[in-house]
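K.L.:
Residues per chain, in single letters:
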Amino acid sequence: MMSTALLEDTVLSPTAGRLYRRQNALTGLLFGVGLAVLGWFIALNTVQSNENFGSDMTVAVTMTCWVIGFNIGIGTFNAVFAWVLGHDQSREDELYGAGVSQGRSRYFKYCTDHKVVGTQYLILVFVLFFVGGTLAMMIRTQLLTPNSSFLSPQTYNAVVSIHGMCMIIATIIMVSGPFANFIMPIMIGAKDMAFPRLNAMSFWVVVSAVPPLLATFFVGGVNAGWTTYAPLSVQDGPAMICFAITIITFVVSVTVAGINTLITVLTMRAKGMTFSRMPIFVWASVIGGGLGLYAMPAFLLAMTLMVADKATGTSFFVADQGGSGWLWENVFWIMGHPEVYVILIPPVGALMEVLSTFSRKPVFAYKMIIGAMTGVAGLSIMVWAHHMFTTGWAPDLAGPFMLTTELISIPTGIIFLAAIGTLWRGSNWVRLPMYFGFLFIWNFIVGGVTGIYLSDVPADNYFHGNMFVTAHFHYTLLGGAMIAATAGLCYWFPKVTGRMLDERVGRWAFWLIAIGFQVTYMAQFYEGFKGMPRRVANYDPVFRPENLVSSIGAYVLMAGWVVLLYALVSSWRNGAIAPANPWSAKSLEWHTETPVPLENFLQDPLVINDPYGYGGVASEQIHAVFGAHAHHGANNGDHTS
Amino acid sequence: MSSNQLHNDDSILEDLAPEVDRDLHSKHVRGTALLWLIMTVGGVLCGIYLTPRLMPHMFAKEGRDAVLTVQVFTVVAAPVAALVCAVALYSLLHTRHRASLEHPPKDGKPLRGNALASGAWLIVSTLLVVFLLFWGLTEWSAQQVVHADSLTVNVVGNQWVWDFEIPAQKVRLEGDKSLIITKAISMSQLNLPIDVPVTFNVTSKDVTHGFWPVNLGIQVDANPRATTTVHATPDRLGKFVVRCSQLCGLNHAYMYTEANIVSDSTFEAWVAGGATKPIGSLIAKGAA
Amino acid sequence: MRRLVGAGGALLLATVVIAAIGVGFSAQSYSAPIPVLKATPVGTDGTCGKQAPRVHLAIGAYPDSSGVDDQGNAVHPGGNPDWPAFGPSNEYSVPAGSCVTMTVTQYDSGELLNNAYFGKVAGTIGNKIHIESSGTNVSHCAEEPGAPATFAGDVTELQPCEIGHTFTMRPLPGVSPGFFLNVPLPVAGNYSGENVGNTKDFPHQTVTFSFLAGPKGSYSWNCEFPCGHGVASFGAVMGAYGYMSGYLHVI
Numbered sequence: 096m097m098s099t100a101l102l103e104d105t106v107l108s109p110t111a112g113r114l115y116r117r118q119n120a121l122t123g124l125l126f127g128v129g130l131a132v133l134g135w136f137i138a139l140n141t142v143q144s145n146e147n148f149g150s151d152m153t154v155a156v157t158m159t160c161w162v163i164g165f166n167i168g169i170g171t172f173n174a175v176f177a178w179v180l181g182h183d184q185s186r187e188d189e190l191y192g193a194g195v196s197q198g199r200s201r202y203f204k205y206c207t208d209h210k211v212v213g214t215q216y217l218i219l220v221f222v223l224f225f226v227g228g229t230l231a232m233m234i235r236t237q238l239l240t241p242n243s244s245f246l247s248p249q250t251y252n253a254v255v256s257i258h259g260m261c262m263i264i265a266t267i268i269m270v271s272g273p274f275a276n277f278i279m280p281i282m283i284g285a286k287d288m289a290f291p292r293l294n295a296m297s298f299w300v301v302v303s304a305v306p307p308l309l310a311t312f313f314v315g316g317v318n319a320g321w322t323t324y325a326p327l328s329v330q331d332g333p334a335m336i337c338f339a340i341t342i343i344t345f346v347v348s349v350t351v352a353g354i355n356t357l358i359t360v361l362t363m364r365a366k367g368m369t370f371s372r373m374p375i376f377v378w379a380s381v382i383g384g385g386l387g388l389y390a391m392p393a394f395l396l397a398m399t400l401m402v403a404d405k406a407t408g409t410s411f412f413v414a415d416q417g418g419s420g421w422l423w424e425n426v427f428w429i430m431g432h433p434e435v436y437v438i439l440i441p442p443v444g445a446l447m448e449v450l451s452t453f454s455r456k457p458v459f460a461y462k463m464i465i466g467a468m469t470g471v472a473g474l475s476i477m478v479w480a481h482h483m484f485t486t487g488w489a490p491d492l493a494g495p496f497m498l499t500t501e502l503i504s505i506p507t508g509i510i511f512l513a514a515i516g517t518l519w520r521g522s523n524w525v526r527l528p529m530y531f532g533f534l535f536i537w538n539f540i541v542g543g544v545t546g547i548y549l550s551d552v553p554a555d556n557y558f559h560g561n562m563f564v565t566a567h568f569h570y571t572l573l574g575g576a577m578i579a580a581t582a583g584l585c586y587w588f589p590k591v592t593g594r595m596l597d598e599r600v601g602r603w604a605f606w607l608i609a610i611g612f613q614v615t616y617m618a619q620f621y622e623g624f625k626g627m628p629r630r631v632a633n634y635d636p637v638f639r640p641e642n643l644v645s646s647i648g649a650y651v652l653m654a655g656w657v658v659l660l661y662a663l664v665s666s667w668r669n670g671a672i673a674p675a676n677p678w679s680a681k682s683l684e685w686h687t688e689t690p691v692p693l694e695n696f697l698q699d700p701l702v703i704n705d706p707y708g709y710g711g712v713a714s715e716q717i718h719a720v721f722g723a724h725a726h727h728g729a730n731n732g733d734h735t736s
Numbered sequence: 192m193s194s195n196q197l198h199n200d201d202s203i204l205e206d207l208a209p210e211v212d213r214d215l216h217s218k219h220v221r222g223t224a225l226l227w228l229i230m231t232v233g234g235v236l237c238g239i240y241l242t243p244r245l246m247p248h249m250f251a252k253e254g255r256d257a258v259l260t261v262q263v264f265t266v267v268a269a270p271v272a273a274l275v276c277a278v279a280l281y282s283l284l285h286t287r288h289r290a291s292l293e294h295p296p297k298d299g300k301p302l303r304g305n306a307l308a309s310g311a312w313l314i315v316s317t318l319l320v321v322f323l324l325f326w327g328l329t330e331w332s333a334q335q336v337v338h339a340d341s342l343t344v345n346v347v348g349n350q351w352v353w354d355f356e357i358p359a360q361k362v363r364l365e366g367d368k369s370l371i372i373t374k375a376i377s378m379s380q381l382n383l384p385i386d387v388p389v390t391f392n393v394t395s396k397d398v399t400h401g402f403w404p405v406n407l408g409i410q411v412d413a414n415p416r417a418t419t420t421v422h423a424t425p426d427r428l429g430k431f432v433v434r435c436s437q438l439c440g441l442n443h444a445y446m447y448t449e450a451n452i453v454s455d456s457t458f459e460a461w462v463a464g465g466a467t468k469p470i471g472s473l474i475a476k477g478a479a
Numbered sequence: 009m010r011r012l013v014g015a016g017g018a019l020l021l022a023t024v025v026i027a028a029i030g031v032g033f034s035a036q037s038y039s040a041p042i043p044v045l046k047a048t049p050v051g052t053d054g055t056c057g058k059q060a061p062r063v064h065l066a067i068g069a070y071p072d073s074s075g076v077d078d079q080g081n082a083v084h085p086g087g088n089p090d091w092p093a094f095g096p097s098n099e100y101s102v103p104a105g106s107c108v109t110m111t112v113t114q115y116d117s118g119e120l121l122n123n124a125y126f127g128k129v130a131g132t133i134g135n136k137i138h139i140e141s142s143g144t145n146v147s148h149c150a151e152e153p154g155a156p157a158t159f160a161g162d163v164t165e166l167q168p169c170e171i172g173h174t175f176t177m178r179p180l181p182g183v184s185p186g187f188f189l190n191v192p193l194p195v196a197g198n199y200s201g202e203n204v205g206n207t208k209d210f211p212h213q214t215v216t217f218s219f220l221a222g223p224k225g226s227y228s229w230n231c232e233f234p235c236g237h238g239v240a241s242f243g244a245v246m247g248a249y250g251y252m253s254g255y256l257h258v259i
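Protein chains in written order, with the numbering used here: chain R, 96 to 736; chain B, 192 to 479; chain U, 9 to 259.
For reference, chain R alone in the conformation it holds in the complex:
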């Protein structure tokens, strides 16, 4: 049936793409560095002389110039300028923009193909996790012994802060970047995202946000943790400015990506893809992206005010001049708690796909999952002050926030119900994604149960600011979200890379990760029960044994991730060629070729059922048919070949 010429084989004229032809990551780097140096030079000779804010202003100017310069160089603004100048893009320009005839170099360019963007995100996520993981190793090495002098207190605080933020950025984009871009549009039968250029923009903007984050180490380090509580953060050095520029830039990216996801799902679904036939992962991407649109702008606002406080002497957060640290804490957590679910919901959606496919069963309670995810998202915007139970701010609100926080366990419970309902009497095909699926269930149960202690004010008065909290949120975010995302990665790896993942090495990695993780964070729960504070460079020798155990566990955990990375890279390079549908799954991404052609489908899909018809009657086994007269269709067959 394959007779249509592939779009990517189109021969383009040598001028197609115009300015884009000359732009890539290198020109981005050159423009970024060039403009940054220029801005720095100008600032040095003007604002630097300001006694109070000179160096903060200089750093603010330099970093802003970097971000703008990089985006000029990579081509973020091309289309806008072209439109202003009256040069609309031709079809050829668009094809060039989508990467036609550029081979691998398109991965280093402002490429509008959602699959290229997804792959770029995937690589970026690996890089960020490696950086964050390396910083975690610094932390655990410092904490190997009670009075370690591996890192000075200043460097330790800087490492802790950037470990936190690097991981937060990485986890926010770990699913919404690679999979909501690569997989989700195919899942709904779309040719691309609704706004392909904004899609490319969301990626390159987040790339430009990373160097300022790492630059913090060279200008004194951030002392205030990833939460950057004011007024400590206002007191901090120019590193805090770099940090704020990173966040502001990152929020632009997340907002653009969120809007793009929402509009894509609203407007680009294939015929027959009704809301109640959408895969859970699509729902999760929409809910996660939509929640991000609520949460992240608060972060942008907060950080903008922070830059103003530091570089211009306003006093939003400085109590001595009429501001309030509590204001920062409120705005931060109004972002911060929904953000936890911005991280968590998309991986949980991915996990549901994995559980369904490998149990060979429909997801259990489809509509309740959607309701639960929506409920979690809705409640999550009303729970922020549970991070502030011990701050002394509005003690009378302890009750209401205890209520909303504990209510969240109802929809979260439904997600568990759906997970075990899907596993119940399933066929349990234990391929690698399923290993991570089981690990998620255990980790998230531990994270959930320990969460209820923290939601209780009298117990929180003991556990707040204590290693218990650290262990709790690593169980939910690393053990929960990141393990679910890893399940998703192993699941979609054949589709993204066109190769099968080496599951033997993957299983070695799994065991190292699973065991290393439990050892690391169970030891930290124990530290927390005993009363060890968080974020300390040195601790009382009474906590020595459990810290030693935790550090060893962390090394094993990191070794697991490295082995997994090896499995991914080596399989990507020379793994077995993947068939289009290695898992005999039903959703649309498995029913187009691998590698996925430009614009995804050679024949338009017509969706007739939800993608969970496992074990059902013949008519509901088929998720979609292809082409105008494609009425046939085997259960698990590939309809386009």
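By construction, these hints were calculated from the structure, which means they are not laboratory data.
Hints are not guaranteed to be accurate.
Unchecked claim - Okay, derived cross-link-like pairs now, DSS-like style, lysine-lysine, Cα gap no bigger than 25 Å in a straight line:
| no. | chain 1 | residue 1 | chain 2 | residue 2 |
| --- | --- | --- | --- | --- |
| 1 | B | Lys374 | U | Lys128 |
| 2 | B | Lys218 | B | Lys297 |
| 3 | B | Lys468 | B | Lys430 |
| 4 | B | Lys361 | B | Lys252 |
| 5 | U | Lys136 | B | Lys468 |
| 6 | B | Lys361 | B | Lys374 |
| 7 | U | Lys128 | B | Lys468 |
| 8 | B | Lys361 | B | Lys468 |
| 9 | U | Lys46 | U | Lys208 |
| 10 | U | Lys58 | B | Lys468 |
| 11 | B | Lys252 | B | Lys368 |
| 12 | B | Lys252 | R | Lys625 |
| 13 | B | Lys468 | U | Lys224 |
| 14 | U | Lys46 | U | Lys224 |
| 15 | B | Lys368 | B | Lys468 |
| 16 | U | Lys46 | U | Lys58 |
| 17 | R | Lys366 | R | Lys286 |
| 18 | U | Lys136 | B | Lys374 |
| 19 | B | Lys368 | B | Lys430 |
| 20 | B | Lys430 | U | Lys224 |
| 21 | R | Lys462 | B | Lys300 |
| 22 | B | Lys300 | B | Lys218 |
| 23 | U | Lys58 | U | Lys224 |
| 24 | R | Lys625 | B | Lys430 |
Assemble the complex: chain R is given as a structure, and chains B and U must be docked to it using the hints.
P.N.:
For chains B and U alone, kept in the frame of chain R given last:
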């Protein structure tokens, strides 16, 4: 294909309902129930016996409330957590497809939902949440009761030192004895008499700190230009650590000091001696 | 086999990369390699209230960390011209159980403490310090600029307006809990920042005090006078390790 050919979820549910009912009496249910029972018992025992041993001895009711909450919440959560783990473990134990990993096994039962299971789950989890809330609010409001003649202690957070002050006041010690403090006492350690309710007025001279007298089980932030208040009644003799629980910059790790809970007589003697000597030396004298 | 070698190689490579980054962080961590100032006993006497080996430590608080001290040594390697610093080192070591007599020569000016608490001497033998003034020192307390400060001799407390720096020390967690040392260092030169410099040609205050070193372990010290920038003047130099902060190791 037109829509009337499509099944909707509800009709499928109805089709399967009898089978679901039969499921509930099958060996799978019995196996899972056994696992659930074992895990629940394990969880409950952990909650009752293990968790209090993980936590330090508390010096006030507030701290013991925290320990009790951990115990109760573990016990309450155990059946739910055990159910999730039991189903997952059962499904793992019944994996029969190792031999043919290359190909998917035959499809499982198409259970798309079960009103009974979902409804029961919702009701149970809602009841549990109501219980958690009731428990938390009861404990919390009991902790909010302020004693009329409590000892006032001013706590000041500085980057990276705590300092304490007992302002001039009349302190009612146990047995209606009273001790008049005529001149404010400044302390680098937190010295308190036993069984006297204490009100801590907490503030900061620079950035936000977290006042955490660990074994009292209370915590409140020290904010610049604001005074926050927290109460506790230490009821055990001995010493423990007062920590900063809110990252406060360079030497946050070292921002801690000691609290000494001493007997009335020791406290009186210490105050009478001008409150300059380390209180520890007085305890030693009393013992000798 | 190929898999094993590959995974092992990847682990080795990652270990090397992470270790290299770790070494880099550790090396830049203590900003500049300042040798620990080590005190050795010069006999045994009863200065500290009981017979104990006696050691001396002499340090200075300098207004210009990028300059040199009387001996021509850099106050703080790679120092910042706007920042003060303690020198010649910020890390000291003394034997356990010894009686430490510290002499801090204070060359820097100062204005007001954030918290009067740090004007009170704590933790020294006799809860007092001895001050020798040299040159004309004008504190912020003076109503008329030019009035000399009056502190000298043995003092137990300084006014919040008389202070240039403090030497405030507490043990690391778990090391002899309860120890707390606070020594206010009076302002030298003019509080407005005039007439100050790193050498004895400028006005200075010599502060002497003794304390009994406890059992083995490390103590962290820092200055509690707000001599930085920003919120509570505790930014910049106060937040940068090594200028106004350091360790005393009891070995």
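K.L.:
The structure should be examined with respect to each hint, and the outcome stated for every one.
P.N.:
Okay, the hints, checked on the actual structure:
1. B:Lys374 to U:Lys128: At roughly 16 Å apart (the allowed maximum being 25 Å), Lys128 (chain U) and Lys374 (chain B) satisfy the hint.
2. B:Lys218 to B:Lys297: 20 Å, holds
3. B:Lys468 to B:Lys430: 16 Å, holds
4. B:Lys361 to B:Lys252: Answer holds: Lys361 (chain B) to Lys252 (chain B) is near 24 Å, not above 25 Å.
5. U:Lys136 to B:Lys468: 14 Å, holds
6. B:Lys361 to B:Lys374: 11 Å, holds
7. U:Lys128 to B:Lys468: Between Lys128 (chain U) and Lys468 (chain B) the Cα gap is close to 14 Å, so the pair holds against 25 Å.
8. B:Lys361 to B:Lys468: Within the cut-off at roughly 21 Å; holds.
9. U:Lys46 to U:Lys208: Within the cut-off at roughly 23 Å; holds.
10. U:Lys58 to B:Lys468: 17 Å, holds
11. B:Lys252 to B:Lys368: 23 Å, holds
12. B:Lys252 to R:Lys625: Cα-Cα ~17 Å, so holds.
13. B:Lys468 to U:Lys224: 23 Å, holds
14. U:Lys46 to U:Lys224: 15 Å, holds
15. B:Lys368 to B:Lys468: Roughly 23 Å between the alpha carbons, so the hint for Lys368 (chain B) and Lys468 (chain B) holds.
16. U:Lys46 to U:Lys58: The hint holds at about 23 Å.
17. R:Lys366 to R:Lys286: 12 Å, holds
18. U:Lys136 to B:Lys374: 21 Å, holds
19. B:Lys368 to B:Lys430: It holds: about 24 Å lies between the C-alpha atoms, which stays within 25 Å.
20. B:Lys430 to U:Lys224: OK: Lys430 (chain B) and Lys224 (chain U) at ~21 Å, within 25 Å.
21. R:Lys462 to B:Lys300: 18 Å, holds
22. B:Lys300 to B:Lys218: Holds: Lys300 (chain B) and Lys218 (chain B) sit about 15 Å apart, inside 25 Å.
23. U:Lys58 to U:Lys224: 18 Å, holds
24. R:Lys625 to B:Lys430: 15 Å, holds
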